[in-house]
Structures are given as structure tokens and as C-alpha cells.
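Convert by adding 316 to the 1-based position in the sequence shown; the result is the number in the working numbering.
Honestly, the hints are just simulated from the structure, not real lab data. Just so you know, these numbers come straight off a predicted model, no measurement behind them.
Derived PhoX-like pairs: lysine-lysine, alpha-carbon spacing no greater than 20 Å straight-line: (1) 326 <-> 386; (2) 386 <-> 432; (3) 339 <-> 326; (4) 432 <-> 420; (5) 432 <-> 326; (6) 350 <-> 339.
DEER-style ranges, computed between Cβ atoms: (7) 330 <-> 375: 13 to 21 Å; (8) 339 <-> 495: 39 to 47 Å; (9) 475 <-> 339: 35 to 43 Å; (10) 455 <-> 428: 17 to 25 Å.
Positions of the beta carbon are idealized from the N, C-alpha and C atoms, including for glycine.
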Amino acid sequence: QPAAIDLTVKQDAQAWAERLNGKVLPTGSVRLEKFRGAIPTLEGFDDGAWWVQDAAAAIPARLFGDLNGKRAADLCAAPGGKTAQLIAMGAQVTAVEQSQSRLKRLQGNLARLGLKADCVLASLLDFRPEEPFDAILLDAPCSSTGTMRRHPDVPWTKGPADIAKLAELQEKLLRHALTLVGS
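Start from the sequences and build out the full structure, keeping to the hints where you can.
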């Protein structure tokens, strides 16, 4: 079965679910189970009313609670779904990405959504802000084994050595991220 398409909306998930023939999940995401077309053809895309984001990927930002007026960093930020969430939750966001092409994609997504973030091109391990953040969101590079439904080639492209190498990188990134948040 093809995977459903989940959306994160800026406001009024129920109204968008009704407009797009979807349903609101307990997490607040809007799920389109039967849509099989081009995403940009959907109502609200050009207006930046919502963005595609798996429901599970939308949970971490929601766990912060009230971010109104707080400084938050989205580390490994592209393509920008979590960055957009943090902004929509009222945070002043710094989005850090090490890939120029991925940063450009993030900036394009934010422009379509009408949202602004301080976008920084930097290796996370070299990133040293002038002052600490109130909140840090790190979606570290992963093995993609949790996305096999969308990427069925993953079991053949990742082996035990890849997993060990990624785990080592994740630990380094996490330890560095801890130094970026205030007490």
C-alpha cells in the first residue's frame, strides 16, 4: 500500500482536513489517505497554508510546548518542516544546515510558507552561536530504516558498518548540541 500523505498546517487543521478530504490525527497532523496526485496541485500549497511532513516527524517540535518569544535552533534543518513548525509555534528560529543545496531548498520552502528564520550554512560540529538557545531540535542523520515503506531499497543499501558509523556521528552531534542550549 502506498504511504499516506501527512500535512502540518499553520492553523485550523480541522478546516484543512475537510477542504482536502483528509482527517486530523491525534498528533494534530492532517492525513490524506487517498490522494495520489501532485502535491503542488492541492489547495493551500501555493498560499503556504501547510507543508508535507510525516505525522511522526511532527511530534518532536510539539513536545517543546510554548515557544512563544523563545530562541530555538533546528540543527540539520533541511528541508525545513521542523523549522517551519518552530516558527509557527512562535519561536525565533536559527536553522543550521551543512549542505548548500539543502539550505537553498529549506529557504525556498520557508519562502513559500511566508516564514522567516536565520538560515546558517555550517557544519554543526563547527557551529558556535554567540548566545545559547532556549530550545534545540536535532534531527540527526539516520539510517533511514524507519522509512522503508517510502524507501524500500534501504535494507539493501545500509549494513551494520553504516549503522555503527551513523551512531558515532549522532553521538558527536548530540553532545555538541547540548553545548548550544542555555540552562
